[in-house]
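Protein chains in written order, with UniProt numbering: chain E, 1 to 492; chain Y, 1 to 492.
All copies of an identical chain are treated as equivalent in the list; a pair is satisfied when it fits inside any one copy or across any two copies.
Cut-off 30 angstroms, straight-line C-alpha distance, at most; resulting in silico cross-link-like pairs (DSSO-like, lysine-lysine): (1) LYS430 <-> LYS419; (2) LYS147 <-> LYS50; (3) LYS108 <-> LYS138; (4) LYS138 <-> LYS73; (5) LYS108 <-> LYS73; (6) LYS143 <-> LYS50; (7) LYS368 <-> LYS210; (8) LYS50 <-> LYS138; (9) LYS147 <-> LYS430; (10) LYS368 <-> LYS227; (11) LYS304 <-> LYS425; (12) LYS430 <-> LYS227; (13) LYS51 <-> LYS368; (14) LYS51 <-> LYS138; (15) LYS147 <-> LYS51; (16) LYS73 <-> LYS41; (17) LYS50 <-> LYS227; (18) LYS50 <-> LYS368; (19) LYS442 <-> LYS368; (20) LYS490 <-> LYS412.
Honestly, the hints are just simulated from the structure, not real lab data.
Single-letter residue listing:
2 protein chains.
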Amino acid sequence: MAAAIRSAVGRCSVTTAIPATVRYASTKSFFPSEPDAPTVKTAIPGPNGKKAISELDQVFDTRSVNFLSDYSKSIGNYIADPDGNMMLDVYAQIASIPVGYNNAHLAKAAASPQMINALINRPALGNFPSSDWGEILKTGILKVAPKGLSNVFTALAGSDANELAYKAAFIYRRQLERGGPDVEFTEEEIASSMNNQAPGSAQLSILSFKTAFHGRLFGSLSTTRSKPIHKLDIPAFDWPQATFPQLKYPLEEHVEENRKAEQASLDEVEHLIQNWHLPPAAVMVEPIQSEGGDNHASPEFFQKLRTLTRKYNVLLIADEVQTGIGATGKFWAHEHWNLQDPPDMVTFSKKAQTAGYYYASQSLRPNKAYRQFNTWMGDPARAMIFRAIIEEIERLDLVNHTARVGDYLFAKLEDLAKKYPEHFKNLRGKGQGTFIAFDSPKRDQFLATAKEFGINIGGSGASAVRLRPMLTLQEHHCDILVDGMEKIVKAL
Amino acid sequence: MAAAIRSAVGRCSVTTAIPATVRYASTKSFFPSEPDAPTVKTAIPGPNGKKAISELDQVFDTRSVNFLSDYSKSIGNYIADPDGNMMLDVYAQIASIPVGYNNAHLAKAAASPQMINALINRPALGNFPSSDWGEILKTGILKVAPKGLSNVFTALAGSDANELAYKAAFIYRRQLERGGPDVEFTEEEIASSMNNQAPGSAQLSILSFKTAFHGRLFGSLSTTRSKPIHKLDIPAFDWPQATFPQLKYPLEEHVEENRKAEQASLDEVEHLIQNWHLPPAAVMVEPIQSEGGDNHASPEFFQKLRTLTRKYNVLLIADEVQTGIGATGKFWAHEHWNLQDPPDMVTFSKKAQTAGYYYASQSLRPNKAYRQFNTWMGDPARAMIFRAIIEEIERLDLVNHTARVGDYLFAKLEDLAKKYPEHFKNLRGKGQGTFIAFDSPKRDQFLATAKEFGINIGGSGASAVRLRPMLTLQEHHCDILVDGMEKIVKAL
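Bound-form chain E, shown alone (with noise of 0.2 angstroms):
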């Protein structure tokens, strides 16, 4: 593909080409119609998007828009723009578009007589869920389950997929208070309930990670500790933050230290499951703290994160909104923990285009009906998607291709950081496909300026830039991309 460069990384309103000396490498692109490089034509947002942002702001905030898409002529890793502008998408969508703009088998399933059945008759899952619904789980959303997970609760969103795993924790917890599912509750209970009040509304808490990023409703933002404009304001529950385990890059320069971050960080999970006022019924983590700055920890403090739940009869929530569907290498990144014993539930949301939470047994099912409940309780629409997703997860083994590249990728990026060092700090994401990030003095400038170069792409946290391709990110659009990121650095 790199024969014809069509047109390539220009800087401002020029289109420029790249030279015929850069070498990118040729792999075969898995989309046929995908341009060899990104087009730049106009400052982004250009005149037709800024005519339509300045449209729409009459009716919608969009104070938080980058630019306007077109996603009719958006294809595999490039974004489109009104104004003819063509991004390398490293972004894709807060890391929620899996297999490309307009993935032809996707397509395919959105055309279908059952896809078009489920837009306009959309049941109430819990009460008369069609006669396929076992089935599109079974061959979809479940054909993914992580080990030892056999139920799913659907949802529509990551937020409210945190909160029914709180939910069904809290109800968990108690029943065991309560000495198990047999025993009823208590009239004191029953009454109390209704006024928000104790015994019945729990005295309990979810224990999560400082600079942990769990969502912005009223329960999942009371675990959310990224950022004070996600939190002032908003009433929040008094539950317990432990330190996440701040450790220094490259791992494997830093092992001692990194190991007692790590073990102070247990420790202090000890002593708030020992000593909160509000017991944790659960500890929510994600595998790598995705929205707070792409912070990771080692398979042995999440091995030893189990142990302690286990210890204290805490459950164990995963929260793999972001780094679940195969970004990291792996299908979960918490494969990545090679735990004996799993988590007792993990979220999902995000690349899987619907939302939930997989969790073991019927142990974890509320002992009564209606307890978890509400009226869609997902979409089948949207769980369809996802099962095409998954098959074309499975077709092009991209799960593994994530892996691979992710490795090519961060060997590239390794090099740049040396060259750059000022530009590029503790570079972050070895082993963890292309979940990839790095710290960047002069971060907003650096996004800002991507978009120049062609590339879309998003920071996290106070300093990072996170890349968070598509799985079907390829060795080529590495070429592009760190191309395109030594160009931004120059210019800054």
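Take the given structure of chain E and dock chain Y to it, following the hints.
Frame of chain E, contents of chain Y only:
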């Protein structure tokens, strides 16, 4: 259509024909292929349904499942199951199917290239909305915006729509307290918010009513007061609740005592606003308390509630998740209130097949970007379905139609209640379209028996049978329904 009744309201497993003497209103069905009457061939669920439920239960909690549906065979107001039964559906997926199963206009929208695009290229609407997002909003969701409310924040389900409205209320209130949108957060606010503590975490509340239902996530559940089973064991905020007026029916026979009940409720609201230890940022109210048992209040009550909330600068949010989109004979149920000054926010979901909240002006937009934000912020695919629903409602004039059909149905139910007063108590919803309910001392048995006569109907509160048909319910369906109800009570 009455000419050829193929099969009819039969009990148990025998298909029986309706006697030729039964006269049905001769309205022409909106759906040419809709059956003339229910068909009941087996117990519901039947053998096929039971087998599929048992298979589904291996992976998905089915204890709340009434029966599995065959949506490919369902049509108009009739729901099919996998055993060949065809029920008149006046429950409609918990009040969420607006214009009939397999509506042709919706099917056309679902098969459109724009829909396929939306399904396979799902955007993060806050960052990268599609170029046509403004047009989708303006030709759909916003075309039916309540009077005085020009902006929308899109969401995914009723619960999160309500919680997003609560967040907007808290942010707005704290902004006022702080002295306006330009006053910066203090260092103490910023630091304390990260610890879930005051002053950063607002010490404020949402005031709701007893027997209200506003959803089941942590914030919304703190305002839900319908049933203990919804609330037990789940931590809740210590937010205030006022008594919702417990009116006596028929309303016209209890004018004075109902007026007193409403005034007592308003006095309680005022007392709580003035005295609750966490001051309310908003009052949340359903135009008709739906899950809580179809509890009504008069327009005067809501007018006074509006005046009261204005007096104390507390926002008024109308939860139209169940009442919205035509069922009460107005597009929005709060139109019955005849307010001069609209509610500050109106939330919607269910029949909209998507969710969100409307608000008036940019003064309810937080002072900074990203304070009200999440990855998807709704689903353009579902927003397009809502647009098609609105088109269909307009084409068939379904809101006025529902007002008329509701009057027709209510009159017939009044007759039935006179004949069987012990089974039809507190008939309510007069002049409220088909949003009708009554109390039945043998309610649960009533609902179960209804299926034997080919009617799918739901309950609410402690003893109410609630009618939640689609907007496509017609007079001849009402005849079948009322005949069926007579058979049900005779069988009880």
